[in-house]
Amino acid sequence: EDQVTQSPEALRLQEGESSSLNCSYTVSGLRGLFWYRQDPGKGPEFLFTLYSAGEEKEKERLKATLTKKESFLHITAPKPEDSATYLCAVQAEVRGKLIFGQGTELSVKP
Amino acid sequence: NAGVTQTPKFRILKIGQSMTLQCTQDMNHNYMYWYRQDPGMGLKLIYYSVGAGITDKGEVPNGYNVSRSTTEDFPLRLELAAPSQTSVYFCASSYLLAGEADTQYFGPGTRLTVL
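Protein sequences appear in the order of chains Y and C. Using my numbering, read the first sequence as starting at 1 and increasing by one per residue. Using my numbering, read the second sequence as starting at 1001 and increasing by one per residue.
Possibly wrong hints are sitting among the right ones.
[What the hints assert, rightly or not] Here are the simulated distance ranges between beta carbons:
1. G41/Y with V1060/C: 36 to 44 Å
2. K68/Y with G1053/C: 19 to 27 Å
3. E45/Y with Q1022/C: 37 to 45 Å
4. E1/Y with I1015/C: 48 to 56 Å
5. N1001/C with Y51/Y: 45 to 53 Å
6. A1098/C with Q3/Y: 42 to 50 Å
7. G16/Y with R1077/C: 42 to 50 Å
8. S24/Y with P1075/C: 43 to 51 Å
9. N22/Y with F1010/C: 30 to 38 Å
10. G41/Y with Q1022/C: 13 to 21 Å
11. F1010/C with E17/Y: 34 to 42 Å
12. G54/Y with N1030/C: 46 to 54 Å
13. E60/Y with P1083/C: 20 to 28 Å
14. T67/Y with M1041/C: 41 to 49 Å
Derived by calculation from the structure, the hints in this document are not laboratory data. Just so you know, even glycine gets a beta-carbon here, dropped at the ideal spot from N, CA and C.
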């Protein structure tokens, strides 16, 4: 069964303290892995699509990486405005529909 | 472009009442989706549409109905509201070609409470 698990469930950082969020997945053939940011009371906002193991993408303080079993979202020198819930989703080759993890709630304190 | 818009933002229903959640996109996307998000859970797919006149069930379709008469609009209908339908509902859309990764864009959500 296709599955996505994100860890940790919640992460508290001090401003400037770099860290990583994990997304582990089990899928029969990966078509794409997606990262979204969700602010309280808002809809998910698209960040990255990763297609194959070894791929990396960056946007400001965020860098997403992909292996055959997991993806990491690295946050370098975070700021309070990076506080949000980060969602990971995978799309299987055969099933085709996005499967979402439960999210990691990130809090960055000044 | 406004992107994906949803109305209403908030709604309280009594058990057994009906309502329609509206969703409109102005990006000329072919695919549209309805998800629900419950606390601590991932987004669950309710229904989706690959184009006007074509809809299909997702993971949790019971208690809901959809239609898609135009490319832009994809309303979600709740016929007999139940407390289990208390959730936040998100509409999404994408321009998807066969064999490609499905990058979806989401609306702001509708928070529904059934009492």
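Tell me the hint numbers this structure goes against, listed in increasing order.
1, 2, 3, 4, 5, 6, 8, 12, 13 and 14
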